[in-house]
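*Asks:* Note that the protein sequences, when read in sequence, are chains Y and V.
Quick note, the first sequence lines up with residues 1 to 226 if you use our numbering.
Quick note, the second sequence lines up with residues 1001 to 1390 if you use our numbering.
Bear in mind the hints are in silico, worked out from the structure with no lab data behind them.
All values derive from a computational prediction rather than experimental measurement.
There could be a bad hint or two in this list.
What the hints assert, rightly or not - Heads up, incomplete: computed chain V residues facing chain Y, CB under 10 Å, no partners named: (1) R1009; (2) V1012; (3) N1106; (4) G1107; (5) A1109; (6) L1113; (7) A1168; (8) A1171; (9) V1172; (10) T1289; (11) R1292; (12) R1295; (13) K1386.
Unchecked claim - Partial list, derived from the structure: chain V residues whose beta carbon lies under 8 Å from chain Y: (14) S1013; (15) G1352; (16) G1356; (17) N1378; (18) T1382.
From the three backbone atoms N, C-alpha and C, an ideal C-beta is built for every residue, glycine too.
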Amino acid sequence: MNLVTIKNMTKRYPIGNSEFTALSNINLEFEKGEFCGIIGPSGSGKTTLLNIIGSLDTPSAGSTVVLGKDIGNLSEKEAAKLRSRHMGFIFQTYNLLPVCTVYENVEFPLLLINMTPNERKKKVISALEWVHLTDKINSRPNQLSGGQAQRVSIARAMVKQPELVLADEPTANLDAENSRNILDAMVNLNKELQTTFIFATHDEKVITYLKRKIFLVDGKVTSDGK
Amino acid sequence: MLELKLAYRNLVSAGLRTWLNVVVLSITYVLIIWHQGFFSGILRQSEHDMIKDEVGGGQYWYKSYDPYDPISLDESHGIISPKLQSMINKNEATPILIRQASIYPNGRAQSILLKGIDPSQKILSIPSGKLKTDGEALPILVGRRMAINNSLKIGDFLTIRLRDSKDAFDAVEGQIVEIMNTRVSTIDNGQLWIPLKKMQEIVEMNGEATLVVLGQNVTGLSDSPDWKFREQKLLLKDIIDVIKSKRIASVILYIILLFLAMLAIFDTQVLSVFRRRKEIGTLIALGMTRLRVVRLFTFEGAMNGVLAALVGAVYGIPILVLTAINGIPMPDVVDSLGFALSGNLYPLYSAGLVIGTIIIVMITVTIVSYLPSSKIANLKPTEALKGKIG
C-alpha cells in the first residue's frame, strides 16, 4: 500500500495580479520504508512539494493523499493531528526550541500526543541512543554543535516512530563528516524501523545515499529513478 | 498544560526584557492599590471625623433651615419639640442654635456663624466642656483654622455683634477659652461656639434651636411639622461626593500607569511574534494547531501579570502594611482639597481592592497579550518556517 499518492497535483501562488506555478502536474507514489529524495536546484519546488506532503500547505489542483488522508480536504486540526501522530520533520536550520533542553526538545512531539510520562521517558532515551546523544541530555541547543543539533532534530523527528519523515536540506549547514554521520543515522533508522524518509536536497553527499532519486526542474518531475 | 509550561520557560528565558515588563507592571499594581487605599482611607477618616464632630447619628433641622442659604438662616430657629426635648433630657441628642454675627479681629469686620452648644453635651466630641466657666466674659470656643486665619489665641477678647429675635442689633464681649483641634473644617472656619443657654438669652430665643444632633446609636423619630429628620448618610453626602471627585483624578492616573505598562507588554508581544516566526512554524509543523500557538503566546504575555503580582507582593506588601499601620503624615495644605485632613492618614486596603486590582490588571494584560498573538491565527506555517509574517 502506498504511503503517499500524488495525482496530477499542481501548486500555484498568486504574485500580484498573476500566478506563479511552483509545481505542475506532479504524479508520484511513495511506499513504506522508502529512502528517497526530491532533487533539484533552488526554486525547483522541492520544499513546496515536501510542505504539501507534510500537510503544511495544500495543493491548488489534483490530489495528495498521505496515509489515506487527502491533504487538500483536511481541516487545520486534522492536519495538525496527522503531523503530530504520523510525521516527523527535519529542517535545514534544525529549528530546536531554544528554551528547552535536548531531552525536552525530543520529548516535545510526545507531549502533543498525550503519552504517559514513563513511556515518554523510555522513548526519548531510546531516540537519543539512536543518535548517540545521551550525554547531552541536559544541554541547551545553544550549547550544541551543528551536527549535534541536527542529530537532536533527527531524534525529535523519530521519537514517536512516525511512518513518514520529511527532511528539508538536512545537511546544508553541516560539514562532510557531520553530514555522513547524520545520513548514516537516518539510513540505520530507515532499515531498523522501516520509516519512510523523503528528502528535499541538492547536496551531492545526500544524493549518494538515496535509493530513489526524483529530479524536479521548474516544478516538473523530469526523472524518477526508482 | 504544555502551553503553560512552555510559556513560563519562554518568559523566564527572555531575561531582562521580561523583568523590565514585570517591574513596570508590579509598580502599577502597587501604585493602584496604594492610591485607591489612600482615598479609601481619606473617605473612612473624613466620615469618621464628621460623624464624631458634626453629624452624629443624624440631625433634626428646623423646617426652614438650609445651611447653604445665609438669607434664611436668621429665621431658621424654633422651639424644640417635646419629643426632641425628651431625647435631649436623656442625653440622646443635643441642640445647636445658629445665628449670623460679626466680629472685629484686628479692627477688621468679619461675618461669622455663631453657634450655641450645651457645654455638658456628650453627643459630639468637640471640647464644649471648656465653655463651662465662671468668668464674666462670654466664653468662646474656636477651631484651629479660625484661630490661625484671624490671629486669635486663648485669652483674646472679641466683640461679637449680632441681631436678636426682634431684629435689634446687640453686641457682647467674649473671651476665647479654647482653640479646638478638629479635622472637620465645616465646624471650624468662620465659626464661634458659645454656651447655648447664654446665646438663647442674648438673642431672646429661650428653648429654641436651629438643629438637634442625635447620638450615634439613636434611631430617628418621625418628622414633625416644624422639625425634619436628616439621616446621617444624607449629611455625609457632600463630603463623600467631594472625595469621589478627587478619586476620579486618581483613577485617571492609574489608567495612564496601566496604559504604559500595557504598551510595554504589547510591544514585547509584537516583537516576540515577529522575532519568533520560525519557532511558530516549527511548533505548527510538530503538530500544534495555530490556536494552541496563539494560546501559548497569550499565556506568555499574561504571565507577566502573574509574575508582576508576585514581585509587587515582595516589595508592595511591606510598604502597604507599613503605611496602613503608621499612617501617612499629611501637611495642613491638604485642607485646601476640600475635605478635612491633617495629622496622619491611615490608608485602607481592603481584600476587594487588592483582588479587584489584580483581576483588572490580569484581564487587561491577557487582552493586550492576545491582540498581537492573534496574528498567528492567520499565519501560513510555510511562511513562518521561512521566517516571514503572513
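*Asks:* Each of the hints needs a verdict: does it hold here or not?
*Replies:* Cross-check of the supplied hints:
| no. | hint | result |
| --- | --- | --- |
| 1 | R1009 | 4 Å, holds |
| 2 | V1012 | 8 Å, holds |
| 3 | N1106 | 77 Å, violated |
| 4 | G1107 | 81 Å, violated |
| 5 | A1109 | 80 Å, violated |
| 6 | L1113 | 72 Å, violated |
| 7 | A1168 | 92 Å, violated |
| 8 | A1171 | 87 Å, violated |
| 9 | V1172 | 86 Å, violated |
| 10 | T1289 | 5 Å, holds |
| 11 | R1292 | 8 Å, holds |
| 12 | R1295 | 13 Å, violated |
| 13 | K1386 | 9 Å, holds |
| 14 | S1013 | 4 Å, holds |
| 15 | G1352 | 38 Å, violated |
| 16 | G1356 | 34 Å, violated |
| 17 | N1378 | 12 Å, violated |
| 18 | T1382 | 5 Å, holds |
In the structure shown, a violation is registered for the earlier hints numbered 3, 4, 5, 6, 7, 8, 9, 12, 15, 16, 17, in ascending order.
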